[in-house]
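Q: Sequence:
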Amino acid sequence: MKKTIAILLVIMITAVLPRQIAKACTNFIISKGATKDGSVMITYSADSHVLYGELYYWPAKDWPKGAMVDVYEWDTGKYLGKIPQKSHTYSVVGNMNEHQLSIGETTFGGRPELADSTGVIDYGSLIYMTLQRAKNAREAIATFSQLVSEYGYASSGESFSIGDANEAWILELIGKGPANKGAVWVARRIPDGYISGHANHPRIMTFPLADGKKSITSKQLDKINNPEVETIYAYDVIEVARKFGWYTGQDKEFSFSDVYAPVDFSGARFCEARVWSGFNAVNAQMGQYLDYAMGKNLKNRMPLWVKPDNKLSLKDVMGLMRNYYQDSPMDMTKDVGAGPYGSTVRWRPMEWKVDGVTYLHERAISTQQTGFSFVAQSRSWLPDPVGGILWFGVDDTYYTVYSPMYCGMNKVPETFAVGNGDMMTFSENSAFWVFNQLTNFAYTRTSVMIGEIQKKQAELEDGFIAGIPGIDKKAAELYAKNPADAVNYLTEYSVNSGNKTVNEWKDLYKFLFTKYMDGNVKEKRAVPAGYKYYTPKVTQPGYPEEWYRTIVKDAGEKLKVIE
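Be aware that the sequence shown starts at -11, since it is given in our numbering, and climbs by one per residue.
Any given hint could be a false lead.
Cβ-Cβ distance ranges computed for the label pairs, FRET-style [what the hints assert, rightly or not]:
id, residue 1, residue 2, range
1, T538, Y223, 56 to 66 Å
2, E101, V345, 28 to 38 Å
3, P179, K462, 29 to 39 Å
4, E227, A468, 43 to 53 Å
5, E101, N508, 56 to 66 Å
6, A464, W234, 51 to 61 Å
7, K74, N508, 57 to 67 Å
8, A454, E227, 50 to 60 Å
9, E339, D450, 33 to 43 Å
10, N285, T346, 14 to 24 Å
11, L209, Q238, 18 to 28 Å
12, T106, P196, 26 to 36 Å
Calculated cross-link-like contacts (lysine-lysine; reagent style DSBU-like; alpha-carbon spacing at most 30 Å) [as the list claims (entries may be wrong)]:
id, residue 1, residue 2
13, K49, K461
14, K201, K295
15, K202, K169
16, K512, K488
17, K284, K240
18, K53, K169
19, K66, K53
20, K525, K444
21, K462, K303
22, K123, K461
23, K341, K541
24, K169, K207
Read the hints as simulated data drawn from the structure, not as lab findings.
Glycine included, C-beta positions come from ideal geometry on N, C-alpha and C.
Full structure from sequences and hints, please.
A: Okay, structure coming up:
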């Protein structure tokens, strides 16, 4: 990688190709008190049909006085301008920095009148610059405010998940209009013991107005480190809405979501439904909001956060990201669109017409266009380089494997590295292409192959999880004596873990393709005495009976065997 300041940020901001923002990405935010081990977790699936899944890495660096950063829009690669560089930037692995701070996002768009083409900071640079400049969630919020206020905000509406070793926050932000520098935003800390989430629609409605203690505005950021503060918002968040004529009520009744991005059927069914599905998996009371999730009752809004019935393990949180509406009326494996083998995905477009009537395909958390996803786990009882783990995976979350990447590592696995292939360049050694090979084959006969896929998935993830306490212990001991030794140890472990995942997934693909190609199921047989070779046992299970009934209903007379 070239060492110039400009090129470093070009690589940082343009590490992915332009993304389709509509109905993409899902985050969950899990507070410390809602997890079994006391860690804070946030999740993120970065979903786009043109997003190449890879693991970004920027080392910590000291910068000369007067250094400037060229800012390029994350979605398009468009040059936006220059801003001053900090004297020191922190190392970042993916969306987590060396201090266990992690940030995710989902785009909600919102009122188009608030776009500002003169802004310099887009949401991508906002995330990655903040990760390089802030040590914790509260510093991240202050950095967000400073960057957009000084340099202008160049993107549409965004929801952000922000987590550190102790706290989890949701922050929702949108611009202030053409040539109007800055943004309006609201940030709320997730109460301990609760979880939140967002999926391309803003979720913060009313919020406590500033009292200087539990709630402050952007003019009171000197108080941001007061642990009592749990709501922070732009001082003019309501004023801007009034200026545009979108709100005339009392300040205390102002709803960020309802004013800046009013929910419609699409927002509920394609976006909020994903949050509902995650909440529904951990809280038995969510059935009361099913009509909202299905777009039938838009006034029955879900709460911003819910308390899970039981504290969540790391595996539980990974499971939230593998949801395709199982055990709900929207279960994607239960209608004829799933085909004979219970497909968990639908090919785009999401909306389509038959005889002039518009229909839809569900948009689940688990989806084919995921470039990468992660579960960021921050643990306060360990030194920062040891405490933060980015559990990272590529492609469809239902079929991926989350491999542990410690936030203190100083290089990434070759199989996940930036530059190892791209969206139009196949690489035999790229995690993205290896996983997509297997997943796209599995889509053709999901119910037949999924058992073997999940067996290997669990074998790898459970193996990593079981080994983490030992890795933590050794790394913490090394850190107490020599932090550099701990970093090297964690780097070697993380690199080996990622490469192990990819290599074993390659072997799984070879096995499944050999066994299931051409609609057959083949099994090896021992070569009996007197034989030079012996062909494998072949079975042809055909289709499920219900699918045969569907065929008969559609074309039975034509296909009927004449006695």
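Q: Give a verdict on every hint.
A: Against the structure, the hints:
no.: 1; hint: T538 with Y223: 56 to 66 Å; verdict: 60 Å, holds
no.: 2; hint: E101 with V345: 28 to 38 Å; verdict: 32 Å, holds
no.: 3; hint: P179 with K462: 29 to 39 Å; verdict: 35 Å, holds
no.: 4; hint: E227 with A468: 43 to 53 Å; verdict: 51 Å, holds
no.: 5; hint: E101 with N508: 56 to 66 Å; verdict: 58 Å, holds
no.: 6; hint: A464 with W234: 51 to 61 Å; verdict: 52 Å, holds
no.: 7; hint: K74 with N508: 57 to 67 Å; verdict: 60 Å, holds
no.: 8; hint: A454 with E227: 50 to 60 Å; verdict: 54 Å, holds
no.: 9; hint: E339 with D450: 33 to 43 Å; verdict: 39 Å, holds
no.: 10; hint: N285 with T346: 14 to 24 Å; verdict: 20 Å, holds
no.: 11; hint: L209 with Q238: 18 to 28 Å; verdict: 26 Å, holds
no.: 12; hint: T106 with P196: 26 to 36 Å; verdict: 33 Å, holds
no.: 13; hint: K49 with K461; verdict: 28 Å, holds
no.: 14; hint: K201 with K295; verdict: 25 Å, holds
no.: 15; hint: K202 with K169; verdict: 27 Å, holds
no.: 16; hint: K512 with K488; verdict: 26 Å, holds
no.: 17; hint: K284 with K240; verdict: 28 Å, holds
no.: 18; hint: K53 with K169; verdict: 26 Å, holds
no.: 19; hint: K66 with K53; verdict: 26 Å, holds
no.: 20; hint: K525 with K444; verdict: 23 Å, holds
no.: 21; hint: K462 with K303; verdict: 23 Å, holds
no.: 22; hint: K123 with K461; verdict: 24 Å, holds
no.: 23; hint: K341 with K541; verdict: 22 Å, holds
no.: 24; hint: K169 with K207; verdict: 16 Å, holds
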